[in-house]
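So the sequence shown is numbered by my numbering: it starts at 43 and just counts up by one.
Because the hints were derived from the structure by calculation, they are not lab data. Possibly wrong hints are sitting among the right ones.
To be verified - In silico DSBU-like pairs for lysine-lysine, Cα to Cα no more than 30 Å straight-line:
#	residue 1	residue 2
1	287	313
2	64	86
3	72	86
4	63	86
5	86	58
6	313	289
7	58	72
Stated by the list, open to error - Computed Cβ-Cβ distance ranges for the label pairs, DEER-style:
#	residue 1	residue 2	range
8	95	354	49 to 57 Å
9	316	346	47 to 55 Å
10	144	95	34 to 42 Å
All residues carry an ideal CB built from backbone N, CA and C; glycine is no exception.
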Amino acid sequence: MASTMLALRDQRAVVKYLSLKKTDPTEIHKQLSAVCGEGTASYKVIRDWMQDFHEGREDLMDQCARCVGIQSPTNGTLAPTDPSIVVRLEELINCDRRISLEAAAEMVGVTQHTAQTIITNVLGLKRVCKRWVPRLLTPEQRQGRIANCHELADRYEAEGDDFLNRIITGDETFVTYYLPERRTSTTYKPGMTERKMIQHKFRVLYAIFYDVQGLLLAHPVPEQTQMTAEYYSYLLRDLLLPAIKRKRKNSSGKEREILLLHDNTAMHNAKVTQLALTDLNIETLPHPPDSPDLLPAEFWLYPHLRDQIQGSSFKDRSSTWSALSHHCNSITENEMANSIRNLPDRWNRVIDFSGGLHIL
């Protein structure tokens, strides 16, 4: 049965109705799960709701805040569901879908538990391939994923391995590094000082493109440079295309036809980018929104690189990039090829599972 998007407020109303009919909380949870699927409130939440009803607490706003473990603002304190906190978290995630829970909580100024609660229960997101995506896909999103995967699977069946061999895939991501700095602060006692260590946070934005034959381009975006549609067009025209011409040619010596597989962010779909792709004679393969499980850079490359460098110490931006470049060049051609050759299996699984997100 396909799951239905039912807000916690609506689920609570259903629980109230069924509790008045003396329905057991286990049975209530079972009935809600049949309708809401992954979005169902937990058994403990349902039981707490029923206790609230029994004790006469009827405030929907207060109880819906409590249902996700959030303190009500009635005591004068700032509630984690304050719109400003929710908006700030949403902006951070929209800017960097791979941002860690720890970093997001620190930048907003709330605990990790509060950030997790807001991200999952208020924004409705979850982690897939280390990227934040909607926890429950709408029927339209599922149908879009199925349609795209049908198109790609049919094309692979018609063209065979040559179709995969022409695919170039890539994406951009941030890597965060910290630089410690000692500061001296005076304590309340005269003549007594203490040293505190603080950390400065910096981010390196980089783009990587590869195909079944190996790495094509690993490019660090210059500091103070924004990754815009204009810069992405420059990257395709002046960096990626020359690398392809230099490294990949057919046995006849002719340049091969290029199939670009990247996500469909606003920057990639911008008119400037589309005009550049047309001028360069690069065909873009369809990619459904919020589908990191269908992009090799998302489900394999970046998680692999982060596992390699996580916990390492770097003294500056150049050493961070040197480490990334080293690990990119150490990846074998077979590893890169396998991530692309596994795509048909992923397309078929999306079709078989009615468009749902799956980590394979």
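Here's how the hints hold up against the structure:
In summary, the hint linking residue 287 to residue 313 is supported, as the alpha carbons are separated by about 25 Å, within the 30 Å threshold. The hinted pair formed by residue 64 and residue 86 meets the criterion: a straight-line CA distance of about 17 Å does not exceed 30 Å. Restraint check for residue 72 and residue 86: satisfied, since their Cα atoms lie roughly 13 Å apart, inside the 30 Å limit. Pair hint residue 63 plus residue 86 holds up; C-alpha atoms about 19 Å apart against a cutoff of 30 Å.
The suggested pairing of residue 86 with residue 58 holds, with an alpha-carbon distance near 15 Å, which does not exceed 30 Å. Taking the CA atoms of residue 313 and residue 289, the gap is near 29 Å; set against the 30 Å cutoff, the hint holds. Taking the CA atoms of residue 58 and residue 72, the gap is near 15 Å; set against the 30 Å cutoff, the hint holds. Checked against the hint of 49 to 57 Å, the C-beta distance between residue 95 and residue 354 comes to roughly 53 Å, which is consistent with it.
Restraint check, residue 316 to residue 346: a C-beta distance of roughly 30 Å breaks the suggested window 47 to 55 Å. For residue 144 paired with residue 95, a C-beta distance near 37 Å keeps the hint of 34 to 42 Å intact.
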